[in-house]
Amino acid sequence: MDHSVAALIENAEQGDGTASSALFALLYTELHRLARAQLARSANPRAIGTTTLLHEAYLELAGREAVFPDRARFMAYAARAMRGLILNHARARRTGKRGGEVEMTPLDEVVAAAVDEPDLERIGTALDDLSAVEPRLAQVVDLRFFCGFTFAEIAEMWGQSERTVQRQWEKARIYLHAAIGGTLPA
Amino acid sequence: MNSERWALLSPHLDRALEMEAGERAAWLAGLRSEDAALAAEIEALLAEHGALDREGFLERSASAGTATPPSLAGLVVGAYTLRTPLGQGGMGSVWLADRTDGRFTGRAAVKLLNASLIGHEGERRFRREGSILARLRHPGIARLSDAGMSPLGQPYIVLEHVDGVPIDRYCETHGLDLEKRLRLFLDVLEAVAHAHANLIVHRDIKPQNVLVDADGKVRLLDFGVAKLIDPGPESDVTATREGGAGLTPDFAAPEQVTGGDVTTATDVYGLGALLYLLLAGRLPLEGSSVTPVDRIRAIVEVEPPPMSEVAGSRRTALVGDLDNVVAKALRKRPEERYPSVAAFADDVRRYLNHQPVSARAVSPAYRAAKFVRRHRTGVALAALALTGAVVLTAGIAWQAHEASRQRDAARAQLGRANAARDFMEFLLSAAQTGGAKPAVGDLLEQGKAVIDKQYPADDPLRAEMLVAIGRQYKESERYDQAVQVLEEAAAIAARSGDPALQAQALCPLGVAKLGGGDVEGAVPLIEKALATLPDRPENALLRAECLIGRGQTGYLIEDSALMLRDGEAALALLDRLQPPPPVRRIEAQALLAYGYYLSRQMAKADAQYEEIASALVRTGRDRTTLAADTYNNWSLVHYEGNLSRAEPLCRRAVELRRAVEGTDGIAPTVTFNHAGVLLQLARYDEAEPLYQETVRTARARQFPLIETDAMLELADLYTRRGDLARASAQLETLGPLLTGPNPNAFRQVQLAYMRGRLALARHDALAARPLLAGVVETFEKRNSHLGLRVFALLELAAAEEETGDLAAAAATAGHAKEIATTFVEKDAPSYLIGLSEARLAAVQAASGDAAGARSSWGAALEHLKVTLGEDHPETRAAVEGLARLAPERASGSRGS
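Protein chains in written order, with the working numbering: chain A, 1 to 186; chain B, 1 to 896.
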């Protein structure tokens, strides 16, 4: 199988399950590797933002790839992988199981700072459902909540107005809150 | 919130969110008159939206930096209550604490470790190690009195509280002279020797861990603590050890950064570094590095300058014996250091007593010899050192000669290198394992440095040498470096106007780009090389290499025609050479084999792999990763057909991987493939541990997909073995994993399949049928070529049969057979066809179609006996099925 990210994205978009698995695995591994590399070279690991990680992953992978669909699609997939990474860390922290890792990672810090961890997991599940119905909404949450992009950055990436992105975000938030058992009628 | 409801609400929400508040009220009123319930719902959601805004739901990004951690003062940890923080280090934070359990009073230092212990086993190990350390008693060692877990699950240790200053600062503030420094250092050595006698290694000797109290007594902290939180060998050496576990690279021994064995010699090194600091006033490797990577490399490679060269005022006292003593403690190879701390102390005492020391100066010749030798350590195959010697001893020789002789030597060397290149490259590529990579990288970096020094920028010879280095980088999968070096070579070659030289640089450059995933960048380079290189006998090898390079793009883009065409052409060229170069030949054959496999010409693929395997044996390469991968790919040829053939091939791949990679942790793909075959062969007792191993290694190497796949198939294994409770439990654990953090459509389909299968095993066909029908539908839509598609159909047929829908069951089983037939060549034995025939037969028998059943059972047996074996439960079931038909045989034949 062609393992270039460009080809994987293309195949994944045509509904190829194996390609999307491979894509996810690739980005996940890459982000994980970068997170660790960041940690190793930074004097203050706490200062690391996931946005930096994503940009770095993009540059690194884009540098290796002659043809690349575009940055927005890459970011959508990478942000999805980032969500997986953060949720995995959250879950690992909660269960105290971490495959061979001992160091506190930047992700631990960010997870600790966000919402309640059980909530975080439920949000993850809800996002999966949401991405089946309105993928754009799930993507905006991945980019903003899990990766810390601003509306302006996302708008620029997608070539949409900031206002549109904000609407999508608000709508996604309503969905998620209802889905994780907020006070809405279920 | 279900998706239908959301789909209904969604467009209204879009509109509502676009509106201003006033506008919205009017719009809602309108909507209410049309559909009151819908309007109420939208209104509720909008009200919620306002509340979410106010409470900032999800506004705080999951990645937007961190809050200051809450103070832990007052936290009760074991018998102690934390009072004030003493410091923060790589390993964790240290607190001054009071004993507050009422039994004793006293102060202690409590260290909260940044370590997550993996499960109960990890916690047990931690407590066990802690209790070993607690037995270490020496006046020079701060006692560890307890090791445990806080209520929050954080591991901690309780240490005797030492009021002192780091030894280097103590020496400076007290203005100690050389002799006093050495005597103080002897106290340190004595304490460490005591610990070593108790088989405890410190592992992290540095000034911060060597305190001197107000009475001038040395007190060592954190003895063995580094081991308590050692992540173990499976972790990423550089990142974890440097960044996480708090190891101090300034004092770390080479074996600690390369993942070698940590022994008492490791402490000898740390002590040598400490003595260097105390006497020279600076670190041994200070200034030799900027980035952490450089730092790590320096630890492994850079010889620290003699103390006397950097010491300033104490210079004269250090020249000679003390330089030699410290250098001996700081040797890169553990076995060349002092054999014990006592021997180290002995030499220090001899110096103080003006006796000759045992340590000898290092001669330049020794350094040069060691340069090559050093790279042998940690390399998987001893033969690799030979290739290192070819490149690097040459480099050293060149340095020693004048310019013209350099050239001659280099040319001669190059001739040799060319002759040996095929062999070298094979060794390097085949020797690749995770652990060996750094050593190979070192080697090449040194080689590049020699070339940079020896050859002017536009020298064609420089290009050739760069090509040699670039090819090695490529073989060791360091594509970035390979591309960089080869691009320089290509530029020189282009200026030289020599097409052969150009092709020599461009082909490997193309292949290196390919390795980095850059197919589009790779192909034109190779095409250009082929176009510029005249098709003459002297260019045959180069042309073959270019063709192989182009053919290898086929692995990535799954282009069987390309692989077959270039493979054939390359092989023809190579076979004109006398003798044909074996590695290139194998590469060309591998193109053919995989090309056949991709184009479903399984018989040809099989024959080709067979030839490759015998070539590997003939050329002594049958115990390499290349061989392992050959067997793995070979097994794929039979994976959807004859499992009795696939099994020994998978087994061989696993064995070879174990031989090359070591017994703990081999590539999870290989074990997974083997386990899959064993599962189908109903050899559950062999498959189970392999799956478990796969889960472990996939987790350790962060292959989450293989990990879930292996767990899913384990559930399948339990189901087939009749261990339904366990299967169900396994699926329970997998459920959240597959829908939670990394959901994946394909795995969810697999999960549905396993659930269906389990329901069927519980004879709950009503529950199984819709699950399996959903799975089948998904596969049909995608026209999948996976064996699982056939299995889903077979299970669905079984569910249909059990629910009494025999017509549907017969159609489904027939469809399964049809699909299975497309997976193999015509008339080839296939267990999937066999299973389909068997299922069809069972349905036919149940419908009273004895003749049909007989013929189907017969066909099933033909396939199953060969592919799964006579003793396989499915084969036996087929035999029994046929036997049950026998009594009706007479009436059956009479009727027809």
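Calculated directly from the structure, the hints in this document are not laboratory data.
Hints are supplied without guarantee of correctness; some may be wrong.
Claimed, not checked - Pairwise CB distance ranges, derived in the manner of DEER restraints:
#1 B:Ala-29 / A:Arg-136: 24 to 32 Å
#2 B:Gly-735 / A:Arg-136: 26 to 34 Å
#3 B:Met-19 / A:Glu-156: 21 to 29 Å
#4 B:Ala-729 / A:Val-133: 29 to 37 Å
C-beta atoms are modelled at their ideal positions from N, C-alpha and C, and glycine is treated no differently.
Structure-based check of all given hints:
| no. | hint | result |
| --- | --- | --- |
| 1 | B:Ala-29 / A:Arg-136: 24 to 32 Å | holds (30 Å) |
| 2 | B:Gly-735 / A:Arg-136: 26 to 34 Å | holds (27 Å) |
| 3 | B:Met-19 / A:Glu-156: 21 to 29 Å | holds (26 Å) |
| 4 | B:Ala-729 / A:Val-133: 29 to 37 Å | holds (31 Å) |
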